[in-house]
Amino acid sequence: MSDLRDLYQEVIIDHSRRPRNFGPMPGHNHHAEGFNPLCGDKLTLYLKVVDGIIEEVRFEGAGCAISTASASLMSEALKGKSEAQAEELFARFHALLTEADEKQAANQAESLGKLQVLAGVRDFPARIKCATLAWHTLHAALHDQAAPVSTE
Amino acid sequence: MNALTERPEAVPATFDVMRLRDDFPILERRVHGKPLVYLDNAATSQKPRCVIEREARYYAETNANIHRGIHCLSQEATDAYEAARDSVRRFINAGRREEIVFVRGTTEAVNLIAASYGQRFKPGDEILITGMEHHSNIVPWQLLCERSGAILRVASIDDAGELDMASFEQQLGPHTRLVAMTHVSNALGTINPVRKMIDLAHSHGAVVLVDGAQAAPHLEVDVQTLDCDFYAFSGHKLYGPTGVGVLYGKAALLDSMPPWQGGGDMIRQVTFARSTWNDLPYKFEAGTPNIAGGIGLGTAIGYLESIGLDAIAAHEHALLRQATARAADVPGLRLIGTARDKAGILSFVLDDVHAHDVGTILDSEGVAVRTGHHCAMPVMEHFGVPATVRASFALYNTPGEVDALFAALAKVREVFG
Numbered sequence: 101m102s103d104l105r106d107l108y109q110e111v112i113i114d115h116s117r118r119p120r121n122f123g124p125m126p127g128h129n130h131h132a133e134g135f136n137p138l139c140g141d142k143l144t145l146y147l148k149v150v151d152g153i154i155e156e157v158r159f160e161g162a163g164c165a166i167s168t169a170s171a172s173l174m175s176e177a178l179k180g181k182s183e184a185q186a187e188e189l190f191a192r193f194h195a196l197l198t199e200a201d202e203k204q205a206a207n208q209a210e211s212l213g214k215l216q217v218l219a220g221v222r223d224f225p226a227r228i229k230c231a232t233l234a235w236h237t238l239h240a241a242l243h244d245q246a247a248p249v250s251t252e
Numbered sequence: 017m018n019a020l021t022e023r024p025e026a027v028p029a030t031f032d033v034m035r036l037r038d039d040f041p042i043l044e045r046r047v048h049g050k051p052l053v054y055l056d057n058a059a060t061s062q063k064p065r066c067v068i069e070r071e072a073r074y075y076a077e078t079n080a081n082i083h084r085g086i087h088c089l090s091q092e093a094t095d096a097y098e099a100a101r102d103s104v105r106r107f108i109n110a111g112r113r114e115e116i117v118f119v120r121g122t123t124e125a126v127n128l129i130a131a132s133y134g135q136r137f138k139p140g141d142e143i144l145i146t147g148m149e150h151h152s153n154i155v156p157w158q159l160l161c162e163r164s165g166a167i168l169r170v171a172s173i174d175d176a177g178e179l180d181m182a183s184f185e186q187q188l189g190p191h192t193r194l195v196a197m198t199h200v201s202n203a204l205g206t207i208n209p210v211r212k213m214i215d216l217a218h219s220h221g222a223v224v225l226v227d228g229a230q231a232a233p234h235l236e237v238d239v240q241t242l243d244c245d246f247y248a249f250s251g252h253k254l255y256g257p258t259g260v261g262v263l264y265g266k267a268a269l270l271d272s273m274p275p276w277q278g279g280g281d282m283i284r285q286v287t288f289a290r291s292t293w294n295d296l297p298y299k300f301e302a303g304t305p306n307i308a309g310g311i312g313l314g315t316a317i318g319y320l321e322s323i324g325l326d327a328i329a330a331h332e333h334a335l336l337r338q339a340t341a342r343a344a345d346v347p348g349l350r351l352i353g354t355a356r357d358k359a360g361i362l363s364f365v366l367d368d369v370h371a372h373d374v375g376t377i378l379d380s381e382g383v384a385v386r387t388g389h390h391c392a393m394p395v396m397e398h399f400g401v402p403a404t405v406r407a408s409f410a411l412y413n414t415p416g417e418v419d420a421l422f423a424a425l426a427k428v429r430e431v432f433g
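Going down the list, the protein sequences come from chains Z and X.
Here the working numbering is used: the first sequence runs in plain steps of one and ends on residue 252.
Here the working numbering is used: the second sequence runs in plain steps of one and ends on residue 433.
Quick caveat, the hints were computed from the structure, so don't treat them as lab data.
Do not take every clue at face value.
To be verified - SDA-like, lysine to any residue: derived pairs with alpha carbons at most 25 Å apart:
| # | chain 1 | residue 1 | chain 2 | residue 2 |
| --- | --- | --- | --- | --- |
| 1 | X | K266 | X | T287 |
| 2 | Z | K142 | X | M393 |
| 3 | X | K212 | X | W293 |
| 4 | Z | K229 | Z | A246 |
| 5 | Z | K214 | Z | V111 |
| 6 | Z | K181 | Z | I153 |
| 7 | Z | K142 | X | A330 |
| 8 | X | K427 | Z | D103 |
| 9 | Z | K179 | Z | Q216 |
| 10 | Z | K142 | X | D367 |
| 11 | X | K138 | X | D367 |
| 12 | Z | K142 | X | K50 |
| 13 | Z | K181 | Z | H194 |
| 14 | Z | K229 | X | A59 |
| 15 | X | K50 | Z | F224 |
| 16 | Z | K229 | X | P394 |
| 17 | X | K212 | X | N109 |
| 18 | X | K427 | Z | D114 |
| 19 | X | K50 | Z | L104 |
| 20 | Z | K148 | Z | K179 |
| 21 | X | K427 | Z | A219 |
| 22 | Z | K229 | X | D281 |
Sequences and hints are given; from them, build the entire structure.
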């Protein structure tokens, strides 16, 4: 097992304790619910998308440090991105955590900015769903899926 | 098992935990470079060598289908499987071997009762459960209520995680047809006063199903003294194989119930016009069962009997007392489930670290615990927590392992500051 510090980096602890963009968003025009039935993690994601650009992102819910930090970091990364850019970011983030080829995964890291602090999760397979819950919920929100997203 | 704080019982001198540990090959394992400290016994227990070898020997020497063949192997397999049924009968002191139905596990046993006994339920009939049930003792009743129009009632629990007996009594009434309750709560460790509850239910004419999944490995169970109508437990929590469990039912009740699944072994005669059913317990055992699992369960029971459930209960209780005392010294730790009468389960939350993060850090120290809702979401809701960390003890755990749990918890503090 990798060092726990690779998983619980300071940035992650900080974002889990003080999540950014946390709380409801009046006037949102997209939202979705994410649910991790095995863990009980729950989050609701709100988006304000204007002319294809994500202007505002907020979320609320309860979860572990990894899922909360991931949602918080995602909310920062998405602002000002187009819907297509957001989906592409999700694909790269997913590859960072799940790509079997370490080199390819590492290649993603550079383009992910602050999100790469979550790279340590790839060595903890049981926790990957914690880190991706917010992103799956984002996908559902952009596509206006009514049913809550489940990581199972 | 006695009240947690009141009557410390002595572990008999003959109980040698270090010697017993040698019976469990998996305990020699290392996890992430650390010795395995297995404290997830309420999820499933580890298996002694005798059980592992008995299953292997069945496949190596006697494998054949049972109750069918005239040949030697089939006869040997049948004898071994039926001997296991006798072991189960003795283990829970059932009056007759016909009252022991082999199933896949506790969940299947509950579903069997809901499907078969439940056929007589009508709109307005009531089923009473408690607020500390496992999902497998909630959902089958909800499904039955949807089918039959029956109503599900729930007796509440208090903040210690004990059953509110006033609520239980109040919800029993002339329409109560069935009461289903856990003997020991998997999420809280609470031991329910089942004897008293059964008497109360009977006085209202209801039949009683006891979910014994968490009780059978830790308490002596005597179904005749309890006078329960049905009792269910799983092999894999009882140091036996997965995929085998037991439904005990009073013969008269089982006799009055329609078959659950149709197929081979459960019939007497089949024509296209109609079929007739086999005798108990085979009426409820359609298809080829988990033969090796059943035989392995018989071996596990023999192993437990050789140690003695009383000694095991006393040992686990000593570990629970030690862990409960240690927990009081951990800042920000809140126990979930503080019933006076508890089995060896320590469920808790830390005020600023989520259970899953605790679980990952404990795992990195070789300590295996369960984190999550423990298939008891209503219990989590009652205590206002999304998940807990649960350490659960078995006969092979040691005081040193309790120390290891708390040393690993100190590591959580190190990481989270």
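Okay, the hints, checked on the actual structure:
For the suggested pair X:K266 and X:T287, the alpha carbons sit about 30 Å apart, so the restraint of at most 25 Å is broken. Of the pairs offered as hints, the one joining Z:K142 and X:M393 holds, with about 13 Å between alpha carbons and a cut-off of 25 Å not exceeded. Simply put, X:K212 and X:W293 have alpha-carbon atoms about 36 Å apart, too far for the 25 Å limit, and the pair is violated. Proposed proximity of Z:K229 and Z:A246 is supported: the alpha carbons are some 20 Å apart, at most 25 Å.
The straight-line distance between the Cα atoms of Z:K214 and Z:V111 is roughly 9 Å, inside the 25 Å bound, and the hint therefore holds. Between the alpha carbons of Z:K181 and Z:I153 the distance comes to roughly 6 Å, so the proposed pair stays at or under 25 Å and holds. Only pairs whose Cα atoms come within 25 Å are accepted, and Z:K142 paired with X:A330 is rejected, the gap being roughly 40 Å. Between X:K427 and Z:D103, the direct Cα distance comes to roughly 12 Å. Compliance with the 25 Å bound is thereby established for this hinted pair.
Using a Cα cut-off of 25 Å, the hinted pair Z:K179 and Z:Q216 holds, with the two alpha carbons roughly 17 Å apart. Proposed proximity of Z:K142 and X:D367 is supported: the alpha carbons are some 18 Å apart, at most 25 Å. Distance check on the hinted pair: X:K138 and X:D367 sit about 46 Å apart at the alpha-carbon level, beyond 25 Å; violated. The straight-line distance between the Cα atoms of Z:K142 and X:K50 is roughly 33 Å, outside the 25 Å bound, and the hint therefore fails.
Only pairs whose Cα atoms come within 25 Å are accepted, and Z:K181 paired with Z:H194 is accepted, the gap being roughly 18 Å. Taken as a hint, the Z:K229 and X:A59 pair is honoured in the structure, with Cα atoms around 21 Å apart against an allowance of 25 Å. A threshold of 25 Å between alpha carbons decides the hint, and for X:K50 with Z:F224 the separation of about 17 Å falls inside it, so the pair holds. This hinted pair checks out: Z:K229 and X:P394 have alpha carbons roughly 23 Å apart, not beyond 25 Å.
In summary, the hint linking X:K212 to X:N109 is supported, as the alpha carbons are separated by about 19 Å, within the 25 Å threshold. Between X:K427 and Z:D114 the alpha-carbon distance is near 18 Å, which keeps this suggested pair within the 25 Å criterion. Between X:K50 and Z:L104, the direct Cα distance comes to roughly 14 Å. Compliance with the 25 Å bound is thereby established for this hinted pair. Among the hinted pairs, Z:K148 with Z:K179 is consistent with the structure: their alpha-carbon atoms are about 10 Å apart, no more than 25 Å.
A hinted pair counts as satisfied when its Cα atoms are at most 25 Å apart, and X:K427 with Z:A219 qualifies at roughly 22 Å. For the suggested pair Z:K229 and X:D281, the alpha carbons sit about 44 Å apart, so the restraint of at most 25 Å is broken.
Violated hints, listed in ascending order, are 1, 3, 7, 11, 12 and 22; each of the other numbered hints is respected by the structure.
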